[in-house]
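Using the sequences provided together with the hints, build the complete structure.
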Amino acid sequence: MNRQEFLDPGLLAHVKNLYLAARYVAEGAIGGFHRSAYVGYNAEFSHHREYQPGDEIKHVDWKRYGKTGKYYIKQYEESSSLNALLLLDQSSSMGTEPSKGLSKEHYSKILVCALAYLLLHQRDGVGYLGFAKDVLSFLPISTKMTLFGELVKSLETTPSGGGTSLLHAVKELLPRLKKKCMILLISDFLDLEDELMEAVRMLRFHRHEVLAFHLLSFEDLQFPYQDFSTFIDVETGKSLSIEARVIQKQYQESLDSYLKETCSKLQELGVDYHLFDTSIPVEKALIHYLYKRSRHL
Amino acid sequence: MSLLQSQYWYLLFFALVPILLHLFKRQKARKIHISSLYLLHRKARVLNRRIKLHQWLLLASRILLVVFLAFYFLRPLLKDAPALLSKWLPHREPTLAFLDTRWDSSDSLRQELIQRLGKTPTQDLRFKEIFVNKGQTLLQTVREGLSGSESRILLISRFYSTTNGEIKELRALGMELFPAGPPRIINTIVSELKITPQNPLLGENVDISGVVHTIDPSLEKVEISLLRPGRDPQKRSLQIKAKQTTDFSFSIQADRTPLEVVEVRHDALDEVEEDDSATLEIPVRSKFRIALVDDKAPSESKRSRLYFLRKFFDGLNQSFPKINFEMTNFQSASFLQSSTGVYDWILVGDLSTQFFPRNRGKIFFFWQKTERMRRFLDEKLGMRSYALETNSQDLNLLTIPASDRPLVSNPWQVHRYLQVKAPQSTALIQGGRDPLLLESNGIFFSSFDFSEYDFSGIFDPYFPIFLYRFFFERWDRDDTLPQASFPITERSTELSLESRIEEEKTEADLSFPILLLVLFFCLAELYLILKLERAIQSNGVE
Numbered sequence: 001m002n003r004q005e006f007l008d009p010g011l012l013a014h015v016k017n018l019y020l021a022a023r024y025v026a027e028g029a030i031g032g033f034h035r036s037a038y039v040g041y042n043a044e045f046s047h048h049r050e051y052q053p054g055d056e057i058k059h060v061d062w063k064r065y066g067k068t069g070k071y072y073i074k075q076y077e078e079s080s081s082l083n084a085l086l087l088l089d090q091s092s093s094m095g096t097e098p099s100k101g102l103s104k105e106h107y108s109k110i111l112v113c114a115l116a117y118l119l120l121h122q123r124d125g126v127g128y129l130g131f132a133k134d135v136l137s138f139l140p141i142s143t144k145m146t147l148f149g150e151l152v153k154s155l156e157t158t159p160s161g162g163g164t165s166l167l168h169a170v171k172e173l174l175p176r177l178k179k180k181c182m183i184l185l186i187s188d189f190l191d192l193e194d195e196l197m198e199a200v201r202m203l204r205f206h207r208h209e210v211l212a213f214h215l216l217s218f219e220d221l222q223f224p225y226q227d228f229s230t231f232i233d234v235e236t237g238k239s240l241s242i243e244a245r246v247i248q249k250q251y252q253e254s255l256d257s258y259l260k261e262t263c264s265k266l267q268e269l270g271v272d273y274h275l276f277d278t279s280i281p282v283e284k285a286l287i288h289y290l291y292k293r294s295r296h297l
Numbered sequence: 001m002s003l004l005q006s007q008y009w010y011l012l013f014f015a016l017v018p019i020l021l022h023l024f025k026r027q028k029a030r031k032i033h034i035s036s037l038y039l040l041h042r043k044a045r046v047l048n049r050r051i052k053l054h055q056w057l058l059l060a061s062r063i064l065l066v067v068f069l070a071f072y073f074l075r076p077l078l079k080d081a082p083a084l085l086s087k088w089l090p091h092r093e094p095t096l097a098f099l100d101t102r103w104d105s106s107d108s109l110r111q112e113l114i115q116r117l118g119k120t121p122t123q124d125l126r127f128k129e130i131f132v133n134k135g136q137t138l139l140q141t142v143r144e145g146l147s148g149s150e151s152r153i154l155l156i157s158r159f160y161s162t163t164n165g166e167i168k169e170l171r172a173l174g175m176e177l178f179p180a181g182p183p184r185i186i187n188t189i190v191s192e193l194k195i196t197p198q199n200p201l202l203g204e205n206v207d208i209s210g211v212v213h214t215i216d217p218s219l220e221k222v223e224i225s226l227l228r229p230g231r232d233p234q235k236r237s238l239q240i241k242a243k244q245t246t247d248f249s250f251s252i253q254a255d256r257t258p259l260e261v262v263e264v265r266h267d268a269l270d271e272v273e274e275d276d277s278a279t280l281e282i283p284v285r286s287k288f289r290i291a292l293v294d295d296k297a298p299s300e301s302k303r304s305r306l307y308f309l310r311k312f313f314d315g316l317n318q319s320f321p322k323i324n325f326e327m328t329n330f331q332s333a334s335f336l337q338s339s340t341g342v343y344d345w346i347l348v349g350d351l352s353t354q355f356f357p358r359n360r361g362k363i364f365f366f367w368q369k370t371e372r373m374r375r376f377l378d379e380k381l382g383m384r385s386y387a388l389e390t391n392s393q394d395l396n397l398l399t400i401p402a403s404d405r406p407l408v409s410n411p412w413q414v415h416r417y418l419q420v421k422a423p424q425s426t427a428l429i430q431g432g433r434d435p436l437l438l439e440s441n442g443i444f445f446s447s448f449d450f451s452e453y454d455f456s457g458i459f460d461p462y463f464p465i466f467l468y469r470f471f472f473e474r475w476d477r478d479d480t481l482p483q484a485s486f487p488i489t490e491r492s493t494e495l496s497l498e499s500r501i502e503e504e505k506t507e508a509d510l511s512f513p514i515l516l517l518v519l520f521f522c523l524a525e526l527y528l529i530l531k532l533e534r535a536i537q538s539n540g541v542e
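In order, the protein sequence lines correspond to chains A and B.
Going by my numbering, the letters in the first sequence line up with residues 1 to 297, in that order.
Going by my numbering, the letters in the second sequence line up with residues 1 to 542, in that order.
Misleading hints may appear alongside valid ones.
To be clear about the criterion: a stretch of chain A counts as covered by chain B if any three or more of its residues have a C-beta under 8 Å from a C-beta of chain B, and this derived list gives those stretches [unchecked claim]:
1) 83–96
2) 148–155
3) 182–188
4) 222–230
Bear in mind the hints are in silico, worked out from the structure with no lab data behind them.
Using N, Cα and C, we set each Cβ at its ideal position, and we do this for glycine too.
Structural data, given as structure tokens:
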């Protein structure tokens, strides 16, 4: 994967104008969560940008409209103290090649870049931790745009593979976090049932906000197999030979219940959970997510 | 347990087929790398276990089906089976028992065989009496009697005179050999008797020859007697050795018609009396009827093609004055109208009308000079141009090779040639591809024009002999001369079987239960396939 692949200018241009809201973002600065704490529309003016469908009418600069006859939205420099940490699962399970769309690994890297760009653009602090069985790479939280370059370089160079140990990664991570953070956990969460809950519980215990980005490929979601096949677990190497059509229905039921359980358990723990289908373009999925999130806040 | 059709053991290898198919299917399975077996394992473990169990059961059922099917064809037989089992599943083996009745009666051989087979002999036992004809061996006779449907073949015989090689070949045929009677019988026989000439004329000297054979090592001398009713016996004292043949011969004058009866007997003491003597009935001719048919000229005329034969028979009549040679001249039409009965020979010279008498005697045609008559005879005989183009193989003719053809340009040369080349067949001859003298359906011909030759015997001294043998010997030959049938009365050394008395058999034929098992596994296979299919259709949810 080269840099151009996950630094798609189109995608970055889109996400640049979007806005990732963190529930606890202003908690430290303004001492509580209320709607006036909309991040991105602070008192300090930054620049204008053209109106785009979806922008709220109230943010339109009517004076400028009077002068130019065009709709512009006022952009302000955000001065919140949001620190976000991107926690990326780089285990082997993310690397399986799907028949449709991007691999989860590829997809997650694009997603990480997009989110980091978005956050840095909001002048938020961004950190990064890639993990598999162990911590593979770590970038401390920084608001400098140079971090983006380091992040991309790290994504490029860090070899992925091996099993997954989220709990271990979280345990490694927690001592390195000095403030409350928004943890963006990006993983396929396969084989992590108890470990995931335990890790989230630990993060929530330390009052970090957790956003769970659940990445599943087309194959994970649809199980489009029919023949007698040998399924090999890329992480453990274990195999299972079975008539695929026999298990298809069971798999779907199993997947549905698993997703439902995971979602409800995470939500119980106050985690913002979102499922990403890697066959849907990153840009589309991310925009959808950001809009959805902005509406909920 | 034993296998009755163990030669089909390789059928068991077919059990590998379902295994190989199973492995092949597994080998063919697509390898798919997935993120995690986690979701599959959640329910697949139980489900897969169930499906796998079905598949293993199906595989096991298929293997067992093939194995049992193979066993069915191998015909397993349980030896020392419990009495109840052997009663309900008796071993019915189609068995053919040959009874060699040369020395023993068939009843005694049956009883002895049943006794040797045990108290419960095979229930499908079929007996077949055989008698080894003169000139045949036991092996040939048994081979002719085999039908091929029997799984077990027995042969009970004394096996006297059977060679070691024959015993080996009999065993190679899969036969069980049961020797009966004592291993050897002290016996001396008179055999291979020959009479020359076989059909003598009245007053003619007849030679009677033969051999004496003994297996008695103590016998060194034997006296052979030739007995004729009302005459003094002729005797020959011979020095003999065991297991070697010794020739003897007698000479008598045939002076009784129509039969001269003689008996040849040896005086040695032995255990078989039937072959100590042989009685010969020699047919003696005192009258010889010959019809000479020629439309061109009577046989006394030199223009007739029958002239030389007339001369020959006249000469013969002078040599044997006691014999009445009745020679009658006919034209073809007058012969057909006459009712003079049957002739020994009808000699046909030149014909001008169609002539083909039936049931009036043996006919000898000369080669016809007219095309019309030749064609007529061709049609009658189913041959062309006096069989000149007939395949000699079909007629069993002696073939004179083309290279020898210059040697046989006249009849006496033919006779001499035959004396040298084929002393036993002096009549039917062929020069190169051309038949010179041949027979078809009892009709004789010559493509030779014999009228060119002088038959006085001065120039061709052998030709009268040839004609004599042709008219009196060859075609009157009777093969019913008594021959000794047991030249050796000692058992082959290859056969060392002792009397076999078997214990009561408790064998159970497992074919039927195995067939039931085959059916069971067929049904099991069907059931498992349906169940597996249903499990797959319902995604394992039952």
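Ascending list of hint numbers which this structure does not respect: 2, 3
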